[in-house]
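> These are the residues of each chain, in order.
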Amino acid sequence: MEWVRNFLRYRAANTFLVFIGLVMFFSLLTPNYLFVDRRNLAALGKLFPDLGVVALGVGVLMICGEFDLSVSSVLPFCSYVFVRLLYRGFAPFWAFWAALGVGALLGLLNGLITVKTKMPSFITTLGTMMFWRGVLYIWSKMMPAGIRNLVPSGSLFERTFAGTVGSFFPVQALWFALFAVILGILLHYHRFGNWIYATGDNRDAARAMGINTDLVKTACFMIVGVLCGFSACMQAVRIGSFAATQGIGFELRAIAACVVGGTSLRGGVGSMPGIVLGALTIPILDNGLILLRVPVFGISAFIGIATILFVVLNSYVERKTR
Amino acid sequence: MNNDDSEGAVGNPRLCYIGQSEKAAAYRLARRLFDEAKAKGIDLSKAHVAMAAEVPGANYAKIRASGILEAMKEYGITSYEIIDAGGLEMTTVEARETAYLLAHPETTFLIGLGGICTDRLTASLKAAGKQPGEIIAGGFDTTPDTLAGIKEGYVTATIDQQQYLQGYFAVYVLYLYNKYGFTPNIDTGGYLVDSPEKIALIEKLSPEHIR
Chain A
1 MEWVRNFLRY
11 RAANTFLVFI
21 GLVMFFSLLT
31 PNYLFVDRRN
41 LAALGKLFPD
51 LGVVALGVGV
61 LMICGEFDLS
71 VSSVLPFCSY
81 VFVRLLYRGF
91 APFWAFWAAL
101 GVGALLGLLN
111 GLITVKTKMP
121 SFITTLGTMM
131 FWRGVLYIWS
141 KMMPAGIRNL
151 VPSGSLFERT
161 FAGTVGSFFP
171 VQALWFALFA
181 VILGILLHYH
191 RFGNWIYATG
201 DNRDAARAMG
211 INTDLVKTAC
221 FMIVGVLCGF
231 SACMQAVRIG
241 SFAATQGIGF
251 ELRAIAACVV
261 GGTSLRGGVG
271 SMPGIVLGAL
281 TIPILDNGLI
291 LLRVPVFGIS
301 AFIGIATILF
311 VVLNSYVERK
321 TR
Chain B
1 MNNDDSEGAV
11 GNPRLCYIGQ
21 SEKAAAYRLA
31 RRLFDEAKAK
41 GIDLSKAHVA
51 MAAEVPGANY
61 AKIRASGILE
71 AMKEYGITSY
81 EIIDAGGLEM
91 TTVEARETAY
101 LLAHPETTFL
111 IGLGGICTDR
121 LTASLKAAGK
131 QPGEIIAGGF
141 DTTPDTLAGI
151 KEGYVTATID
161 QQQYLQGYFA
171 VYVLYLYNKY
181 GFTPNIDTGG
191 YLVDSPEKIA
201 LIEKLSPEHI
211 R
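Line order of the protein sequences matches chains A and B. This note's numbering puts the first residue of the first sequence at 1, with every later residue one more than the last. This note's numbering puts the first residue of the second sequence at 1, with every later residue one more than the last.
Since the hints were derived computationally from the structure, they do not count as laboratory data. Just so you know, not all the hints are guaranteed correct.
Label pairs and their in silico Cβ distance ranges [stated by the list, open to error]: (1) B:Tyr80 <-> A:Leu174: 27 to 33 Å; (2) A:Leu174 <-> B:Pro196: 44 to 50 Å; (3) B:Gly153 <-> A:Val269: 50 to 56 Å; (4) A:Ser153 <-> B:Ile42: 29 to 35 Å; (5) B:Ser6 <-> A:Val165: 48 to 54 Å; (6) B:Gly153 <-> A:Asn212: 54 to 60 Å.
All values reported here derive from a predicted model rather than from experimental measurement. We treat Cβ as the ideally placed atom computed from N, Cα and C, and that holds for glycine.
Let the sequences and hints guide you as you build the complete structure.
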């Protein structure tokens, strides 16, 4: 059973086992096997990437030893930039790239403030979260703005970000998978990934090795910003409008997803497979419990308990197998 | 303005209130939806009402739910559930409404107690594989997707609380109070949007931030 022991040595393996258990539990116990019903899988595949794509970036940043609480404001800010440019007559393609650029810029600001002032990113991004949301509320007057006539259903742009493949598979899930693969390669098979781990694990040691840790951290903040911009456009196209409340709560849910996936809050530890599993686990928990007809009025309590148990179990299995 | 004390003037030493009577508006909406069901020949004694609230404990949601419950009593409907839609984030709301519809095939009515829950009704009904009118849905506010849902037949009616009037009358009443001491209570809401004609007017004035 050496291969089992080897498999369990991977931090993400524990997450994977619990994840599989969870999927089997919901698949077998939901009435009429609703969890694996085509409609439910399609809805899950369409909806989870809004948070999932952001969580991928947040996870990379956490491995680098930093947090980004501003995602919940950067996302709707980028969404509003996208929508405003559409209203001004820009083609969706250019509005999309502008939203990504704004996301990168806001990420750059987070990074520069954090590394130049040596302020904990928890505080930096708490401040920018409040700042950008305030600016957004003033700028948008919190008015919803529809874009259905600017990005019509069935148009190439709409199908690229909110369509389906083979009339079933939501394209959003493919985008999530693509970003996971790219970031996975970056994290595990590229020199930059080593720098991220080194910076998150021991910043001084990383510096002594010649790594520009400020640059690495700032780049990770920018990755999060770009992913927020992407998710913002994807969500705006799907819901057909801008809403000032987009992204509210994403900051903690993204961190929760990464922690469930085995990413350390102290930096230097985590993996892309783990982050992916964590990003899937939170929405699956939410979904599966409702399908089990748990009273929806108090479902947050169940999810809170389940998240803690998940992490405790993860840590326990890890200790036992070491 | 906008959100009154749950007990109205009794529970609050306010001078006056300018805004929607939440209970009356919810009652009006519910009656419209229940009448629609009756016209379709649905046995209301077996009907199930699901009410989705972004913020379940919020005053507006509680008062609106009480208006719906009052109408339910009149129509002999006893089965209902208030759903915690998970906050103000649209994706979370849509995910929960969709999962609820899949898990509760007995649902006859799906009512959004707030603007975000109402906005996501159409997307949730489509994701759950429902046809227009199969579930009788309605709610509050006139966001873009809510209006689209009425056009497509997924949403039967929504309530427009006409916020423009709340701002307008607030200033007007302050002037009148200063000059003559008037302290009126003005109900600006309860405007039922349930036809393409009413939508056309709202869509025309919405970019100007009037409707």
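> All hints, please: hold or fail.
Now the hints, each set against the structure:
no., hint, in the structure
1, B:Tyr80 <-> A:Leu174: 27 to 33 Å, "violated, 39 Å"
2, A:Leu174 <-> B:Pro196: 44 to 50 Å, "violated, 37 Å"
3, B:Gly153 <-> A:Val269: 50 to 56 Å, "holds, 52 Å"
4, A:Ser153 <-> B:Ile42: 29 to 35 Å, "holds, 30 Å"
5, B:Ser6 <-> A:Val165: 48 to 54 Å, "holds, 49 Å"
6, B:Gly153 <-> A:Asn212: 54 to 60 Å, "holds, 59 Å"
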